[in-house]
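With these hints in hand, go ahead and build the complete structure from the sequences.
Residue numbers (this note's numbering), protein chains in the order written: chain P, 1 to 414; chain A, 1 to 418; chain F, 1 to 541.
It is worth saying that the hints were derived from the structure and are not from the lab.
One should not assume that every hint holds.
Stated by the list, open to error - Listed next, the in silico BS3-like pairs over lysine-lysine satisfying Cα-Cα at most 30 Å (straight line): (1) Lys302(A) <-> Lys128(A); (2) Lys377(F) <-> Lys80(F); (3) Lys238(A) <-> Lys194(A); (4) Lys128(A) <-> Lys296(P); (5) Lys293(P) <-> Lys55(A); (6) Lys392(F) <-> Lys444(F); (7) Lys377(F) <-> Lys55(A); (8) Lys137(P) <-> Lys202(P); (9) Lys117(F) <-> Lys137(P); (10) Lys55(A) <-> Lys226(A); (11) Lys347(P) <-> Lys529(F); (12) Lys296(P) <-> Lys194(A).
These numbers were taken from a predicted model, which means no experiment stands behind them.
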Amino acid sequence: MKFDIIIIGGGLSGLTAGIALAEAGKDVALVSAGQSSLHFGSGSLDLLGCDEKGNDIYNPLDAIKEVNSKHPYNKLENVSSLAGMAKQLLERAGIATTGNATSNHWRITPIGGLMPTWLSMEGMATVEDPNQMPWRKVALVNIVNYLDFPTKFLAAGLRDKGVEVDIKAVTLPELQELRKSPTEMRATNIAKVIGNNDLTAKLADQVNSVAGEDYDMVLLPAVLGMTNDKNSKHLLELIKTPAQFVATLPPSVPGVRMQTMLRRRFTALGGTFFTGDQVTEGLFEDNILKGVKTAKLDGTTLESDNFILATGSFMSRGLRADYNHVYETALGVDVDDLGLDRKTWAKIDVTDAQPYMEMGVKTDENLRCMRNGTTISNLYAAGSILSGHNSIKRLDAGGVDMLTALQAANNIIK
Amino acid sequence: MANETQTQNVSVNNFEQCLKCSICTVYCPVSAVSPEYPGPKQAGPDAERYRLKNKEFFDDALKMCLNCKRCEVACPNDVHIGDIIQAARIKYNTHRPKLRDMMLANTDFVGTMASPFAAIANPILKLKPMKAVLHGVMAIDKHRTFPDYSSRKFESWFKKNAASEQEKFNKHVSYFHGCYVNYNYPQLGMDFVKVMNAVGYGVHLLEKEKCCGVALIANGMPKQAKRQGEVNMTSMRKAIAKGHQVLTTSSTCTFTMRDEYDHLLGIDNHDVRDSISLATRFLFQLIEKGEIKLAFREDYHKRVAYHSACHMERMGWAPYSTRLLRMIPDIDFVMLESQCCGISGTYGFKKENYERSQAIGKGLFDQIKEVTPDCVATDCETCKWQIEMSTGTPVMNPISIIAEALDVETTRKLNKLD
Amino acid sequence: MTTVNNNHYDVIVIGGGITGAGTARDCAMRGLKVLLVERHDFSTGATGRNHGLMHSGARYAVTDHESAKECIQENMILRKIARHCVEETDGLFITLPEDDINFQATFVQKCTEAGIKAEIIDPKQAMLMEPSVNPELIGAVKVPDASVDPFRLTMANVLDAQLHGAEVLVYHEVIDVIIEQDRMTGVKLRNNHNGDTIDAYATVTVNAAGIWGTVIAQMAGVKINMFPAKGSLLIFGHRVNNMVINRCRKPANADILVPDDAVCVIGTTSLRIPIEECDDMRVTPEEVEELLAEGMKLAPSLGSTRILRGYAGVRPLVASDDDPSGRSISRGIVTLDHEKRDGLAGFITITGGKMMTYRLMAEEVTNLVCQKLNINKSCETATTPLPGSEPKEETKRFSFSQKAAQGRHGTLNDAIERGEAASDALVCECEGVSVGEVKYAVTKLHVHNLINLRRRTRVGMGTCQGELCACRAAGVMCTDDKSAKKAINDLNGFINERWKGMQPVAWGDNLAEAQLTATIYQSLLGVDKLANERRIEYYEI
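Here it is as structure tokens:
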């Protein structure tokens with residue numbers, strides 16, 4: 001099967017590249033082995049949150065100038081314009097966000113921490129200044145028996161910052177029914193129950209009955225709107241007090257929504273999505289990738305002029321470590337393992353910067369992959385699979401995913 | 001030895017590769033509507049560790065799994081969650097299936113009984129008192145309309161009207177029509193013959209065809225499924241020996257015979273598997289290789305919404321059907337977001353599942369109502385029943401749409417048949 | 001300075017391992033007024049860091065007849081009194097082509113002499129009984145090995161001691177002993193949570209602190225020659241085997257594979273280490289390699305099975321008094337009456353031995369204590385079932401978590417709140433731990449932090465090592481703002497403690513899991529940023 005561009009990996013990075021290229025009129029196919037790490041998302045995307053010492057960054061665009069030479073941001077032509085393009089791309093997919101690249105804002109974590117971030121999906125609870133909370137009195141309204149929203153931690157975190165907090169809980173008969181399952185009272189199932197039974201208004205009534213007007217903010221778990229923002233928006237409108245959502249433990253409803261809406265946009269632009277399939281082999285000829293084989297298409301080779309590898313890091317199975325080495329799983333391209341062996345991949349304290357985090361595929365200055373030391377002229381890499389950055393310590397996952405994808409797309413269109 | 005250690009994980013159905021990320025639970029159509037079902041993660045890899053310790057950990061609620069495999073499609077770590085659950089049912093379940101389940105599962109037996117009496121059976125199955133009996137005694141939901149039994153089986157039509165023509169062609173395929181085409185909807189089989197003949201392929205039936213067994217597996221009758229599977233494999237081997245590909249027009253039959261035979265039933269199909277294909281895939285591949293050409297009627301316009309059936313998703317083959325359909329020049333093509341329709345073969349026919357079945361499908365039905373297509377295209381026959389019943393929108397197999405849009409004469413010319 | 005309840009005890013037992021717990025139980029059952037003290041949590045030392053193997057004694061049959069006899073007797077006793085802690089798996093001793101098949105005959109003969117039922121079986125039959133066994137085996141002997149959960153066993157002994165009136169103080173460390181003339185009259189304790197110190201007095205003090213007993217003895221001015229031997233083990237993600245698999249040869253490294261709960265464990269290595277290293281032992285890459293290479297000889301599929309973690313324990317080996325060089329190490333039970341040995345009355349050390357023979361050790365030392373106190377009451381621990389193992393019809397359970405909890409708590413399972421959505425919700429999905437079980441553990445089983453909870457319930461011991469459950473459990477345990485802050489620190493510590501065992505085996509799915517867990521806890525939740533304590537040395541206790 002022949003396409004203009006084939007993208008391997010259907011997460012944030014692959015979809016960003018896919019949409020950008022499809023918008024440019026290309027016939028794009030996307031091969032995705034299962035769902036993406038957006039499912040563990042916070043509803044926000046980070047550009048650059050922390051410096052080397054772990055301190056919060058206020059102006060990511062400025063700070064990016066200082067990142068070390070191996071960081072993928074060095075391969076971007078114009079960070080500021082790419083960041084703007086990323087925000088607009090989300091917008092065109094129907095995902096409205098707040099935030100910009102010149103000043104971070106702070107999202108509230110499910111356990112009451114504050115983390116610097118770049119773009120937050122509309123409706124998510126954020127503050128402009130981590131040292132000054134904009135609320136005097138907050139009602140924290142959970143769904144009865146929902147364990148993945150640890151309200152006591154959240155309350156303690158907010159009180160620590162001088163906010164008065166009351167914890168409330170609401171429920172509806174349909175949610176009571178879901179409670180009967182000892183395992184499936186998850187954010188996404190709550191979203192399904194509310195969505196399938198049109199319960200938004202009833203839920204709003206419940207919230208209004210416990211959180212009256214003496215609160216200046218109502219914070220709710222992000223458990224509405226898996227496939228679009230209709231219900232989540234509607235709920236916030238129906239609540240009489242200003243209200244916002246805080247992320248929950250995974251699976252993340254805002255993350256799934258972002259995934260779904262990006263995929264919807266990609267498909268609407270005519271993109272072809274190969275679901276739940278894995279690329280097993282690349283057909284290389286003279287340092288050009290001619291086509292790929294997949295696990296499920298048996299006889300069919302997927303061919304195209306250009307390819308983008310956006311399969312993610314270890315947890316997304318783009319990278320894999322066995323007893324002896326670290327390798328790239330789909331095409332066997334060159335990996336930067338920092339010259340380390342198994343004994344030194346990981347450090348003893350889990351909170352230290354872990355060497356394995358910076359491992360990834362090697363690329364040239366145009367984000368092109370290499371194989372046996374030689375650049376493959378039509379194979380680009382984007383997102384978490386790139387070497388040279390630690391998304392956990394530096395909080396740069398969303399930015400690396402989207403910006404390198406857009407750059408790779410630009411490099412191809414050029 | 002150290003160099004060979006730990007290079008790969010080979011736990012059964014990859015259950016140990018599970019990272020406990022919970023993504024599968026997002027895509028399970030059952031757990032949100034039935035709290036009694038523990039969800040794919042718990043029913044699959046979580047409980048499997050304990051079942052290995054003690055079979056007492058087997059939970060009857062596993063029968064609520066639709067076997068839609070959407071958990072497997074969603075899994076980023078290639079855990080065969082659905083297989084783990086079905087394999088556990090086969091291994092540990094001690095209950096004998098109910099008469100109702102046996103009846104629903106034996107699609108070909110019931111079909112054989114009903115077809116000669118279609119004129120009687122169809123009205124009877126639709127009569128309110130009969131539905132009440134089915135509902136009350138047999139626990140088959142009264143809302144369900146049994147798919148009509150055709151008065152003439154596809155096989156009979158084929159033998160009488162088509163078989164003799166087929167030897168004229170230079171190239172040949174065998175057709176596994178499946179129960180649905182044979183008993184309920186011979187038109188699809190006729191459409192298939194029409195398209196294949198138009199591009200120069202003769203169509204042949206298998207020496208002996210049994211139901212693929214998907215319903216038997218779902219209803220807890222793996223032994224019978226295995227027996228039937230062996231019969232199909234034997235027939236297919238004979239066809240393959242003649243150089244035939246074995247084509248189907250049902251994604252579920254295809255998936256069952258290619259993957260479930262080996263994974264769940266322990267039928268050795270390795271020499272047959274690659275020769276079983278879906279007709280849309282076969283056609284697409286030939287067109288791509290330049291071996292055949294299709295010409296379409298200029299006056300054919302249709303707004304078609306494609307629904308990717310669960311087992312089609314699992315096989316990863318939807319793009320073959322969709323790219324084939326999009327070759328029709330004036331088709332207004334919409335890709336629906338893939339969601340389970342809720343019928344899952346015989347599942348939705350059972351009284352206890354009816355409401356859940358409809359709740360599961362709601363998302364899909366809403367999408368279809370929003371898109372307002374002329375027809376929905378899907379490669380699965382049971383999705384057809386469910387979507388037609390629930391939305392009133394006609395549902396067609398892609399092969400039927402191709403057949404309808406095909407300019408047979410031009411196509412024959414293009415393929416140098418005239 | 002205060003004393004505990006201003007009270008005087010008949011006996012203070014130092015050490016919350018299985019020996020201390022068993023001793024406290026025995027003493028309490030004989031009517032003594034008992035105080036059990038433990039510096040951290042129960043079973044933090046060797047008790048919680050072994051195979052979980054309930055020896056039949058066969059392993060010692062050839063080299064140590066006495067130990068073998070003790071083992072099989074205790075084995076049969078534990079099957080009765082600790083039913084809910086024991087799984088009767090049976091074991092195989094296999095001979096591989098590289099082993100001497102002639103050893104088998106000696107082995108069987110010695111087993112028989114010790115009273116261990118050892119039955120030679122055909123290798124083909126052995127493979128049918130235990131399909132994971134190395135198919136190259138040339139000989140197999142079936143013995144009554146079993147698997148036992150040391151955490152449960154210890155807790156059951158503690159609970160029974162309490163039922164018989166014993167008092168228990170965890171996180172109370174002996175910082176000094178109180179000696180008046182030639183008699184030990186008590187101990188000074190420090191509360192390791194808040195630093196407060198208290199005195200407790202007793203007629204007899206029993207030192208059951210395992211390897212750390214040497215430090216207690218030092219405080220009392222007596223010398224015990226101990227030789228800490230580190231043993232490392234690996235835990236696999238699921239059960240490869242359902243029977244214990246041993247090598248039929250003289251005991252060596254990494255030659256026992258034990259099915260424990262939903263996992264299996266290979267071990268051990270053996271390495272002398274200095275006493276200072278006993279508090280923070282790590283599994284080295286070399287040990288991992290040896291365990292894997294040897295383990296694959298028992299069950300080849302270990303080579304492709306996911307390893308969840310590595311851990312190491314330390315055996316309290318004691319040199320006999322007449323050989324201070326330590327060349328002749330005894331693995332037998334060592335009861336030191338310091339009055340006779342060192343002229344210090346009121347002080348007894350019980351050490352050596354094995355987890356397997358803890359009850360016998362407790363019986364011996366309790367006999368001695370009773371003798372000192374002039375109490376004439378016979379031991380009943382061999383015939384009285386532990387709490388959880390009473391002979392009573394168990395309530396039929398249906399759900400996964402209820403069945404799992406029944407396995408963990410035996411008849412005490414009935415005390416867990418259930419039937420309501422709020423208590424049935426699962427905290428830990430891998431191991432089936434419900435909110436009700438967490439609450440039960442917190443109120444009844446001395447749970448102060450997540451690691452305690454893990455030892456009582458298996459929270460965080462499954463495939464993902466705490467990926468979501470740690471946060472849920474911390475949330476359930478948390479009551480107010482003050483405890484919320486503590487819980488965040490606890491959570492951070494727990495994640496690091498889990499990582500300690502994963503780090504030596506961080507490749508494959510485990511590395512992927514580690515990255516996912518770090519992404520959730522550090523990027524999504526920001527636990528490490530919120531936690532204000534980073535005392536890695538306390539993570540494990």
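>> Check the structure against each numbered hint from earlier and tell me which ones fail, lowest number first.
In response: 1, 4, 5, 7 and 9
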